[in-house]
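Trainee: For this one, chain A is given, so just place chain B on it according to the hints.
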Amino acid sequence: MKNYKKSQTEIMGLAIIIILVSLAMLFVIQFIILKQPSDIKKTFTHKELAANTVNTLLSTTTDCRELSVSQLLNDCAEGGYTRCPVGFSCDYVEIVIQEILQQTLEQWSKQHYLTVKINNEEVIPPLGDPCKGEKTTSSPCCILPTSYAPMKINLDICG
Amino acid sequence: MKISKKTAQVKMFETIAVLVVFFVLIMFGFMFYTKIQKGSFEEAREENLILKAIDTSQKISFLPEFQCSRDNIQEENCIDMLKLDAAEQVINKNKLDYVETFGFSRVYIQEVYPSQDEWNLYDLPKQEDKGKISTQFPISLYNPLTDTYSFGVLFVDNYR
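As you go down the protein sequences, you meet chains A and B in turn.
Each residue of the first sequence is one higher than the one before, counting from 1 in the working numbering.
Each residue of the second sequence is one higher than the one before, counting from 1 in the working numbering.
Bear in mind the hints are in silico, worked out from the structure with no lab data behind them.
Keep in mind that the hints are not guaranteed to be accurate.
As the list claims (entries may be wrong) - With a straight-line Cα cutoff of 20 Å, these simulated PhoX-like cross-link-like pairs (lysine-lysine) come out:
id, chain 1, residue 1, chain 2, residue 2
1, A, K132, A, K47
2, B, K59, B, K95
3, B, K11, B, K95
4, A, K42, B, K132
5, B, K132, A, K110
6, A, K117, A, K135
7, A, K152, A, K42
8, B, K93, B, K52
9, B, K59, B, K83
10, A, K42, B, K126
11, A, K47, B, K126
12, B, K95, B, K83
13, B, K52, B, K126
14, B, K52, B, K95
15, A, K135, A, K110
16, A, K110, A, K132
17, B, K11, A, K6
18, B, K11, A, K5
19, B, K93, B, K83
20, B, K52, A, K47
Stated by the list, open to error - Now the in silico label distances, taken between C-beta atoms and shown as ranges:
id, chain 1, residue 1, chain 2, residue 2, range
21, B, K130, A, K42, 19 to 25 Å
22, A, E106, B, K38, 33 to 39 Å
23, A, I29, B, E14, 30 to 36 Å
24, B, D85, A, K42, 33 to 39 Å
25, B, P144, A, Q107, 43 to 49 Å
26, B, D117, A, S109, 22 to 28 Å
27, B, K35, A, E134, 22 to 28 Å
Virtual Cβ for every residue (Gly too), placed ideally from N, Cα, C.
In isolation and in its complexed conformation, chain A is listed as follows:
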């Protein structure tokens, strides 16, 4: 009878330990689940920023014969024979994009990497440094039709 009571007490102790461990586990799970939405919001703001930057950039009118950035890129892909205030369309569009990115993303300390490609061939040299860790990309946004093949403009925002 005495042994029976002792084992009951032992089981009670064990039950308390299990309850405490379960509470701790619940706490950890809750902490992990609560952490996730902040990443979703961060991704959303970065995604919005990347897509908006590329969209706005493409529609911007430049000083080169009042052509837009997308028209200059198109001209560049087709040989780049249009003369601009500084060099031809390929050089000028690169200068314009660089200037805009310097005054926006670089000023807000957002590391970025912009590529303009047709069939994996670069139309203008990539701007910025490739992201080493996490990144948010502007794609599927921003594909321009050219006479050869679609031109893909992609902006990665790191972090």
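Mentor: Then chain B, alone, in the frame of chain A:
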């Protein structure tokens, strides 16, 4: 009798020690929990401010006071510069009408390329200065007179 009394004392001491350790653990757990809760509360507040900024930017993009249109067709992610000039004055004169839309925030638009211009649309700070969270949204600025688009940035600063 003497031995069993001593054993009982040891047992009691053991029970008290276990209880002390138990309560210390509970206390540490509670302290840890409150610290985490405080942190996540601050985080949630910051996130809500960012969400509010996104909400405000969306509202501005679709407000008829600003939106670009061609042949009565609305353009996405675009603000009409002429409307912007007029709206700057109208909003600042009738600030109270826009409190529900913008809340405690500062909304301004900067032209980045080709020229540099700024429109201060709305500013309503809180009485207590606790800083602000700034969110930027690139946006096209359309000039209907020259039929050109500039690169602009919509800034929404939400006061904490």
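Trainee: Given the hinted pair B:K11 and A:K6, is their Cα-Cα distance within 20 Å?
Mentor: Holds: B:K11 and A:K6 sit about 13 Å apart, inside 20 Å.
Trainee: Within 33 to 39 Å or not, the Cβ separation of B:D85 and A:K42?
Mentor: 35 Å, holds
Trainee: Using the beta carbons of B:K35 and A:E134, state whether their distance is inside 22 to 28 Å or not.
Mentor: Between B:K35 and A:E134, where Cβ atoms are some 27 Å apart, the hint holds.
Trainee: Take the C-alpha atoms of A:K117 and A:K135, compute the straight-line distance between them, and say whether it is at most 20 Å.
Mentor: Given pair A:K117, A:K135 holds - Cα atoms ~19 Å apart, limit 20 Å.
Trainee: Hey, A:K42 versus B:K126, does the alpha-carbon distance stay inside 20 Å?
Mentor: It is violated: about 26 Å lies between the C-alpha atoms, which goes past 20 Å.
Trainee: Using the C-beta atoms of A:I29 and B:E14, is the stated range 30 to 36 Å upheld?
Mentor: 34 Å, holds
Trainee: Given the proposed pairing of A:K132 with A:K47, does the C-alpha separation stay at or below 20 Å?
Mentor: Distance ~17 Å between A:K132 and A:K47 Cα, so the pair holds.
Trainee: For the pair we were handed, A:K152 and A:K42, check the Cα-Cα distance against 20 Å.
Mentor: The hint is violated at about 25 Å.
Trainee: Need the status of pair B:K93, B:K52: alpha-carbon distance at most 20 Å?
Mentor: With a Cα-Cα distance of about 24 Å, the restraint between B:K93 and B:K52 is violated, given a limit of 20 Å.
Trainee: Run the distance test for B:K95 versus B:K83: straight-line Cα separation, threshold 20 Å.
Mentor: Holds: B:K95 and B:K83 sit about 17 Å apart, inside 20 Å.
Trainee: Hey, B:K132 versus A:K110, does the alpha-carbon distance stay inside 20 Å?
Mentor: With Cα atoms ~19 Å apart, B:K132 and A:K110 stay inside 20 Å; holds.
Trainee: Given the proposed pairing of B:K52 with B:K126, does the C-alpha separation stay at or below 20 Å?
Mentor: 16 Å, holds
Hint check: violations occur at hints 3, 7, 8, 10, 11 and 25; the rest are consistent with the structure.
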